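Visitor: Chains as they are written, first to last, in the numbering used here: chain S, 1 to 381; chain A, 1 to 381.
No wet-lab data here; the hints were simulated from the structure. As the structure is a computational prediction, the values presented were derived from the model and not from experiment. Among the hints, erroneous ones may be present.
[Claimed, not checked] Heads up, simulated DSBU-like pairs for lysine-lysine below, C-alpha to C-alpha not over 30 Å straight-line:
no. : chain 1 : residue 1 : chain 2 : residue 2
1   : S       : Lys-345   : A       : Lys-252
2   : A       : Lys-345   : A       : Lys-155
3   : A       : Lys-345   : S       : Lys-252
4   : A       : Lys-87    : A       : Lys-155
2 protein chains.
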Amino acid sequence: MAPTQRPEMRAFEAPREAENLQPLTVPLPSPFALYRGGQLHNARIAYESWGTLNATRDNAILLFTGLSPSAHAAASERNPSPGWWQKMIGPALAIDTSRYFVMCVNSLGSCFGSTGPASVDPATGQRYRLEFPEIAVEDIARAGYEAARALGIDKLHAVVGASLGGMVVTAFAALVPDGARRVVSISGSPAASPFAIALRSVQRESILRDPDWQGGNYSPERPPRNGMRLARKLGTITYRSATEWRQRFGRKPLEGNPLRASPFAPRFAVEAYLESQAERFTRIFDPNCYLYLSRAMDRFDLSEHGGSANAALASSRAERALVIGVESDMLFPIHEQAAIADAFKSAGVPTRFARLPSLEGHDAFLVDIPRFDAEIRAFLS
Amino acid sequence: MAPTQRPEMRAFEAPREAENLQPLTVPLPSPFALYRGGQLHNARIAYESWGTLNATRDNAILLFTGLSPSAHAAASERNPSPGWWQKMIGPALAIDTSRYFVMCVNSLGSCFGSTGPASVDPATGQRYRLEFPEIAVEDIARAGYEAARALGIDKLHAVVGASLGGMVVTAFAALVPDGARRVVSISGSPAASPFAIALRSVQRESILRDPDWQGGNYSPERPPRNGMRLARKLGTITYRSATEWRQRFGRKPLEGNPLRASPFAPRFAVEAYLESQAERFTRIFDPNCYLYLSRAMDRFDLSEHGGSANAALASSRAERALVIGVESDMLFPIHEQAAIADAFKSAGVPTRFARLPSLEGHDAFLVDIPRFDAEIRAFLS
Chain S
1 MAPTQRPEMR AFEAPREAEN LQPLTVPLPS PFALYRGGQL HNARIAYESW GTLNATRDNA
61 ILLFTGLSPS AHAAASERNP SPGWWQKMIG PALAIDTSRY FVMCVNSLGS CFGSTGPASV
121 DPATGQRYRL EFPEIAVEDI ARAGYEAARA LGIDKLHAVV GASLGGMVVT AFAALVPDGA
181 RRVVSISGSP AASPFAIALR SVQRESILRD PDWQGGNYSP ERPPRNGMRL ARKLGTITYR
241 SATEWRQRFG RKPLEGNPLR ASPFAPRFAV EAYLESQAER FTRIFDPNCY LYLSRAMDRF
301 DLSEHGGSAN AALASSRAER ALVIGVESDM LFPIHEQAAI ADAFKSAGVP TRFARLPSLE
361 GHDAFLVDIP RFDAEIRAFL S
Chain A
1 MAPTQRPEMR AFEAPREAEN LQPLTVPLPS PFALYRGGQL HNARIAYESW GTLNATRDNA
61 ILLFTGLSPS AHAAASERNP SPGWWQKMIG PALAIDTSRY FVMCVNSLGS CFGSTGPASV
121 DPATGQRYRL EFPEIAVEDI ARAGYEAARA LGIDKLHAVV GASLGGMVVT AFAALVPDGA
181 RRVVSISGSP AASPFAIALR SVQRESILRD PDWQGGNYSP ERPPRNGMRL ARKLGTITYR
241 SATEWRQRFG RKPLEGNPLR ASPFAPRFAV EAYLESQAER FTRIFDPNCY LYLSRAMDRF
301 DLSEHGGSAN AALASSRAER ALVIGVESDM LFPIHEQAAI ADAFKSAGVP TRFARLPSLE
361 GHDAFLVDIP RFDAEIRAFL S
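Using the sequences and the hints given, assemble the complete structure.
Guide: Below, the structure written as structure tokens:
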């Protein structure tokens, strides 16, 4: 089936790198039943791809993203701007597009071309907003798999994901036990910790209590920007590590701040960093989509599939698994990746658990490229 | 000089334990010049005390609090409700009130009887609000010392403080080198890290962007409660440790939640805990006072006193110092207490650095009483 293009109404600007580009999308089976109830009609998944699918269609790698990125993981002819994993995906890179056909999907429930709360409900002609059914990590996994099937791929060479994507990959392994020969779960979790739940609940509350949220019925011109700013700043704080920031920012003052006149204006360089992260995010991400995906991360519990994480993965037919964790990750602490690795091992899947000493915390997969490159390159080759 | 009582207008309820009680206060020297400029006229410091000052007035212990508590550290005849360090202060307890006269001060800039942004400016008859001059950790230290002097105490047997109070104690040692024979700094810092600054900047922003903040001119009936809720929830998250919460809450669901109908209502027990903390705090704490004290913590840098933390404490005439840190503290990480201990040591002060393995993070001094009792008891006896 040929990929198709379809304009999606979006409440927000597309990511800067994809401006003026409508994403490629494929249809999901319709209706598409959801893990926690409800179903979607005529839903679509946006994706990007690199490399060439071979004749036997067995060289495909499916990549799931974290909470906020689009499917634009790397530059392409269609969109030559750098993607969010630019240094990992390409010819001769760790995810080698001269060997593999790599596809990255925008998560079901997100706002970069895939169907989500910001999409128009074909039944009403209005945006779904809070009428959108609850999205689970399991739905993101299954929708990604269906997107691959829509391109004629029934079995992936590998599924790969980091952060939320690292959770999605474990759900994929539980739900589609023979869907991929290799599995790479990076900085994921078999079930969010109370610390992560608490943080995300505060992020959501900052949006829910922003008067501009309007019970989910905000206008495109006036979304709950203040709430989104706070949510993103808090996220940014927990995506790195205190040690990295001490080295990177220390107590460096903010220079040339025009707001200094205001008594509580930012004074330190680290505050300007948070500010730049928040500004960009509020410009591109839909608040309701954020709420849906954030809740999905809290509720995900791999042990729902059989009573334990080990039971969930017991039927996995993967040939090999790579699980990567980062010692400085406060949001998805490394014992959670250790539990994922143990579950694969107990299923008899030959598993490498890479415990990386990167200082960059949860975001290390985006920053500490040498360490991640080495692990992923060795695993895929 | 006899302590006096003076009603203070307060925008908020007093802490539950002190309801209907006007705090005891003493006057500060007037004018009272502030570390970063400006001065206060007729400012007062609220305090509570336990035990008896001896004839030579050399058995006094001065206690500084964290950001949010009042001076009600323990029950007294005047106010028999339990205080925030009830298990540490009393006859035969670690801070033994049968031997020592213990006084706890409400920080200058706070809202529990001491002069702060919520107090009435005698020059205008109006609340100070943002007209209040900037408060520094150094001012809190000096005001506490002046409060002791107002009771006729020129030299403390010991100064003790935790969290913000742990910072204040280091400022005290720098500013009043022979003001105390012993110094106890608990879970303090010689200078906030960029991680702590980032967190506090988000807490402040949540208040500043709450429309009810009204540029600091909120009404007592309608303070920026949403912003205060978010600030306190975020604080609560960082006051404990992920490990403690995993043991305490795990993924326990919230039971009997009447709000479950709302799609993003709390689902987990940990969220109810945050909620209870936030509710209480927004009822008792003044938002402008919070902003002032939060900023003071960011800006504190012991090295301003001579070029380094070591230089700042070089002239300390303390006879002994105890510095306590907690390994699981993410907000004031233990290397910061190690730096304080090193500075006392390099000043020639015999110093014990206690590195506690408590799981309760920054709040451990309130919770892990056995470990703190043992250290403080041994040090004071």
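Visitor: Now look at each hint and say whether the structure bears it out.
Guide: For each hint, the structure was consulted:
1. Among the hinted pairs, Lys-345 (chain S) with Lys-252 (chain A) is consistent with the structure: their alpha-carbon atoms are about 27 Å apart, no more than 30 Å.
2. For the hint linking Lys-345 (chain A) to Lys-155 (chain A), the alpha-carbon distance of about 21 Å falls within 30 Å, and the restraint holds.
3. Among the hinted pairs, Lys-345 (chain A) with Lys-252 (chain S) is consistent with the structure: their alpha-carbon atoms are about 27 Å apart, no more than 30 Å.
4. Under the criterion of a C-alpha separation no larger than 30 Å, the hint pairing Lys-87 (chain A) with Lys-155 (chain A) is consistent with the structure, at around 26 Å.
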